[in-house]
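The chain contents come next:
Number of protein chains: 2
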Amino acid sequence: MIDNDTMLLMIPGPVKTHPRIYAAMARPLIGHRTPEFKKLYNETLELFKKLIDTKNDAFIFTGSSTSAMDSAIANLVQPGDKVLNVIQGKFSERWQDITNAYGGDSIVLNIEWGKALKEEPLVEMFDKNKDIKFVTICHNETSTGIINPAEKIGKVVRDYEKILIVDGVTSVGGDYVYPDKWNFDILVTGSQKCLGIPPGLGFIMVGPRAWEIINERESIHSYYVNLPLYKQWFAERGDTPFTPSVPLIIAQNVSLKMMFEEGIDNRMKRHRRMAKATRVGAKALGLQLFAEEEYASNTVTSIKVPPKINSKELINSMKELGILIAGGQGNLRGNIIRIAHMNVVQEKDILVTFSALETALNKLGFDFKPGSGVAAIEQEFSQTS
Amino acid sequence: MIDNDTMLLMIPGPVKTHPRIYAAMARPLIGHRTPEFKKLYNETLELFKKLIDTKNDAFIFTGSSTSAMDSAIANLVQPGDKVLNVIQGKFSERWQDITNAYGGDSIVLNIEWGKALKEEPLVEMFDKNKDIKFVTICHNETSTGIINPAEKIGKVVRDYEKILIVDGVTSVGGDYVYPDKWNFDILVTGSQKCLGIPPGLGFIMVGPRAWEIINERESIHSYYVNLPLYKQWFAERGDTPFTPSVPLIIAQNVSLKMMFEEGIDNRMKRHRRMAKATRVGAKALGLQLFAEEEYASNTVTSIKVPPKINSKELINSMKELGILIAGGQGNLRGNIIRIAHMNVVQEKDILVTFSALETALNKLGFDFKPGSGVAAIEQEFSQTS
Numbered sequence: 001m002i003d004n005d006t007m008l009l010m011i012p013g014p015v016k017t018h019p020r021i022y023a024a025m026a027r028p029l030i031g032h033r034t035p036e037f038k039k040l041y042n043e044t045l046e047l048f049k050k051l052i053d054t055k056n057d058a059f060i061f062t063g064s065s066t067s068a069m070d071s072a073i074a075n076l077v078q079p080g081d082k083v084l085n086v087i088q089g090k091f092s093e094r095w096q097d098i099t100n101a102y103g104g105d106s107i108v109l110n111i112e113w114g115k116a117l118k119e120e121p122l123v124e125m126f127d128k129n130k131d132i133k134f135v136t137i138c139h140n141e142t143s144t145g146i147i148n149p150a151e152k153i154g155k156v157v158r159d160y161e162k163i164l165i166v167d168g169v170t171s172v173g174g175d176y177v178y179p180d181k182w183n184f185d186i187l188v189t190g191s192q193k194c195l196g197i198p199p200g201l202g203f204i205m206v207g208p209r210a211w212e213i214i215n216e217r218e219s220i221h222s223y224y225v226n227l228p229l230y231k232q233w234f235a236e237r238g239d240t241p242f243t244p245s246v247p248l249i250i251a252q253n254v255s256l257k258m259m260f261e262e263g264i265d266n267r268m269k270r271h272r273r274m275a276k277a278t279r280v281g282a283k284a285l286g287l288q289l290f291a292e293e294e295y296a297s298n299t300v301t302s303i304k305v306p307p308k309i310n311s312k313e314l315i316n317s318m319k320e321l322g323i324l325i326a327g328g329q330g331n332l333r334g335n336i337i338r339i340a341h342m343n344v345v346q347e348k349d350i351l352v353t354f355s356a357l358e359t360a361l362n363k364l365g366f367d368f369k370p371g372s373g374v375a376a377i378e379q380e381f382s383q384t385s
Numbered sequence: 001m002i003d004n005d006t007m008l009l010m011i012p013g014p015v016k017t018h019p020r021i022y023a024a025m026a027r028p029l030i031g032h033r034t035p036e037f038k039k040l041y042n043e044t045l046e047l048f049k050k051l052i053d054t055k056n057d058a059f060i061f062t063g064s065s066t067s068a069m070d071s072a073i074a075n076l077v078q079p080g081d082k083v084l085n086v087i088q089g090k091f092s093e094r095w096q097d098i099t100n101a102y103g104g105d106s107i108v109l110n111i112e113w114g115k116a117l118k119e120e121p122l123v124e125m126f127d128k129n130k131d132i133k134f135v136t137i138c139h140n141e142t143s144t145g146i147i148n149p150a151e152k153i154g155k156v157v158r159d160y161e162k163i164l165i166v167d168g169v170t171s172v173g174g175d176y177v178y179p180d181k182w183n184f185d186i187l188v189t190g191s192q193k194c195l196g197i198p199p200g201l202g203f204i205m206v207g208p209r210a211w212e213i214i215n216e217r218e219s220i221h222s223y224y225v226n227l228p229l230y231k232q233w234f235a236e237r238g239d240t241p242f243t244p245s246v247p248l249i250i251a252q253n254v255s256l257k258m259m260f261e262e263g264i265d266n267r268m269k270r271h272r273r274m275a276k277a278t279r280v281g282a283k284a285l286g287l288q289l290f291a292e293e294e295y296a297s298n299t300v301t302s303i304k305v306p307p308k309i310n311s312k313e314l315i316n317s318m319k320e321l322g323i324l325i326a327g328g329q330g331n332l333r334g335n336i337i338r339i340a341h342m343n344v345v346q347e348k349d350i351l352v353t354f355s356a357l358e359t360a361l362n363k364l365g366f367d368f369k370p371g372s373g374v375a376a377i378e379q380e381f382s383q384t385s
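Protein chains in written order, with the working numbering: chain A, 1 to 385; chain B, 1 to 385.
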C-alpha cells in the first residue's frame, strides 16, 4: 500500500521536512504590510545572509528556485552579451535556456556528466574567448550527484574578470557555500532543498560587481524579478514589492533558526556523514557510484542501475515500502537512481532507505548478499560521529 | 494587547482563511513529479476553470499575483506595441509599470479614483488612437473599492478588435467573472484573495486571440513566466515546468472544493450581502462611502476618513481590538479606510468589525450615535438572507 502521507522523501526536493515546519505552515496568516511581518522578513533575510556569510544584498522571491535564476539572467544579461554556460547535467542546462530566453550569446562548456568542473577547461575557454562576460555554473548538480570545487572556480573566474553566476539550489544549507570568500557575484537558491521548507521561495544574493552592471543598464525587461525594484523597495519599506507567501516566510524563519540551533558546522558534518554512509552502503551492495567520487555531492548520491534491473521497477518497489527516491533525468533516465540526503535526514533514514533498497533489489533478482549494505552503513555509523 | 494569531483579517489579502485551509497547509509534502501530484494539480486547474466557466487554457505560477500580471505583458507586448493602460487606482497603475518594463508604448486613460470605467471614454480613446493593440484593466480595484462593468467593457474592446488583459485578482472567487462570455483575452488572479488560501500562487487564463499573438512572436524575453513553456510542459507532462509550491496547491484544491460545496451562486450572494451590510453600516454611522455606489465592489468597501480623525490611529485602535482593516494607498493614504469582506467572511465578522469601528471612533472623539452602525447592519441582516 502506498501511503503518501508517511512517505519518506529521499528525493532531491521536496525534502524530508521537520514537524516544526509543518506546524509553522499552519500558523495564522498575518498581513504582509504589518510591522510584525517586516520584522519577521528582515530577521529571515539576516539569518539567510549569516548562513552564507555574506555582506551583499539578498532578496527573497515568492517563486520556485527558477524565479531566482530567471532574475539573475534577466537583470544582468543583455542581448548579445557573451555568456559561458557550463553544462554538466540537467540543472546547469537550465542556465543556457534562460540565457537564450533573454537573447544572451551562449557559448557552452560541456563537462562529461558525473564529472566535476575543474579550473583547466575554464581557463582554456577564457583564453579562447576573450569577450566572455558572464559564467554560469551549477554548484551542486543533483542530476548527476557532483559538487564542483566552487572556491577554485570562483578564483579563476575573478582572475579573468568575468561575472560568476552560481546556482546553489541544492548546496546552500547542506554544504558550505561562502559566496563572498569564493568570489560569487550572484548566488541563487530555493527554499525546498537544504533550506528545509516546502517549495515556493527563491533566494538571490547580489554582489557589488553585479550591481555595477545592473545599474549601468538603460532598461531591464523584467518586472516580477526586477532587482533594482526589490532593492529600492527594501531600502524604503523593509519588505517586498509584491505580496510574499506569508506562511513560507514564517516557515523559513523557523527552519533557519533550527539550523543555527543545530550549529552550521554540525549540520554540514551531518550531511557529509549521511553522504559517506550512502556511498559506503551502495558499494557494499556491489553497486557502482555514478559521480566522480572525489567530487561526490554531500546532498545527493547517484548510483548506477545494475544491468538487467529496471530503474522504474526499483523505484516503485521502494515506494511501496514507503521510501521515495529519484531516477535519472535527461540522458541519465533509466541509468541511475538518486538518493538525496538533505535537510533533516539522519542515520535512521539512511538505514531504512538501504533496508528498503536491499528488499527491492532482492525482489528484482539482483545478485548480492542481503544485509551487506545495511551492515556496512551500521559499521560506518558506529565508527564515526 | 495585540495578538496576531487571533487577528481577524478584514484587509484585502491575506484574507480570513478557513481552518480546513490551515490543516491543508500542514499536510505532508508529496513529490511534485509523482502521479499523485499530477492528479491533484489537474483537478485544481479544472476546478479553477469551472469557477470562471472557461474553455481556455489556464496555468498556475508559483508566485504572487504579480507574477501572472508580469506573464501577461512579457508574453504579449513587444517593444513599441501600443498599450492602453486604464488607470483608476493603485493596482491598475501596476499594468503601466509592467508595460513600461517590457518596452510597450503605454498610453493612459485616467479615470477619477473611486469612479468606475465606463464604455464612453474607452470608445473615445479607440477612435483617437487607431493603433492601440492591447487594453489593460483592473476588474475590481481594491485601492478605491470599485468594480468595473467588465462585460460591457469586454464588448467594446472586442468590437474594436483590441486584446483585453484583465486583472481579476480581487474579483475571481468573490464575484462573478466570466472571461469567455465577457471577451477577456487574458485574465489573471492570485490565491490569497477570494480564492481563499495564503499568498503564493498566480493564475493566468489565456484565450485563443492571445495565443495567436504569442505564437507569432519570434522570441519572448521571459523564462519563469513563459507561457509557451508552461503550455508545452502541461501538454506533454501534465504538470508545471518548475517546482510548484506543493502545500499551496494542496490548499487551493481544498479551497476550490469548499467553494463548490457552498455553491458558487451562494458564495457570490454572500459576498454581496456582506458588502451591502458594510455600506449600510458605514452610512448609519454618518460616514461617507468613497466609491461610486452603483459600482461599489463586493469584496472591499472604501470609506472616507472623517475630518479630524487620523486614519492611522483609527486603524491601530481597531487592531488593538483584534480587527485588521486597511488604509488608503498612493494618493488616498490617510483619506480612506478599506474594509475587505472576502472569502469566508460572514455576518458575525461584519458585526464585530463595526462594533470595533464604533468603539475606535468613539475613542477618537468622532460624533455619532454609538450602536447605530451595528443596529443598521443587524436590521439589514434580519431582513434579507
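If you're looking for bench data, these hints aren't it; they were derived computationally from the structure.
Don't take every hint at face value.
The list treats identical chains as interchangeable, and a pair is accepted whether it falls inside one copy or across any two copies.
[Unchecked claim] Quick list of in silico lysine-lysine cross-link-like pairs, DSBU-like style, CA-CA up to 35 Å: (1) Lys181 - Lys128; (2) Lys231 - Lys369; (3) Lys128 - Lys308; (4) Lys312 - Lys369.
Evaluation of the provided hints:
no., hint, result
1, Lys181 - Lys128, "within (27 Å within a copy, 59 Å between copies)"
2, Lys231 - Lys369, "neither (58 Å within a copy, 48 Å between copies)"
3, Lys128 - Lys308, "neither (44 Å within a copy, 72 Å between copies)"
4, Lys312 - Lys369, "within (22 Å within a copy, 73 Å between copies)"
Hints 2, 3 from the earlier list are contradicted by this structure; the remaining hints agree with it.
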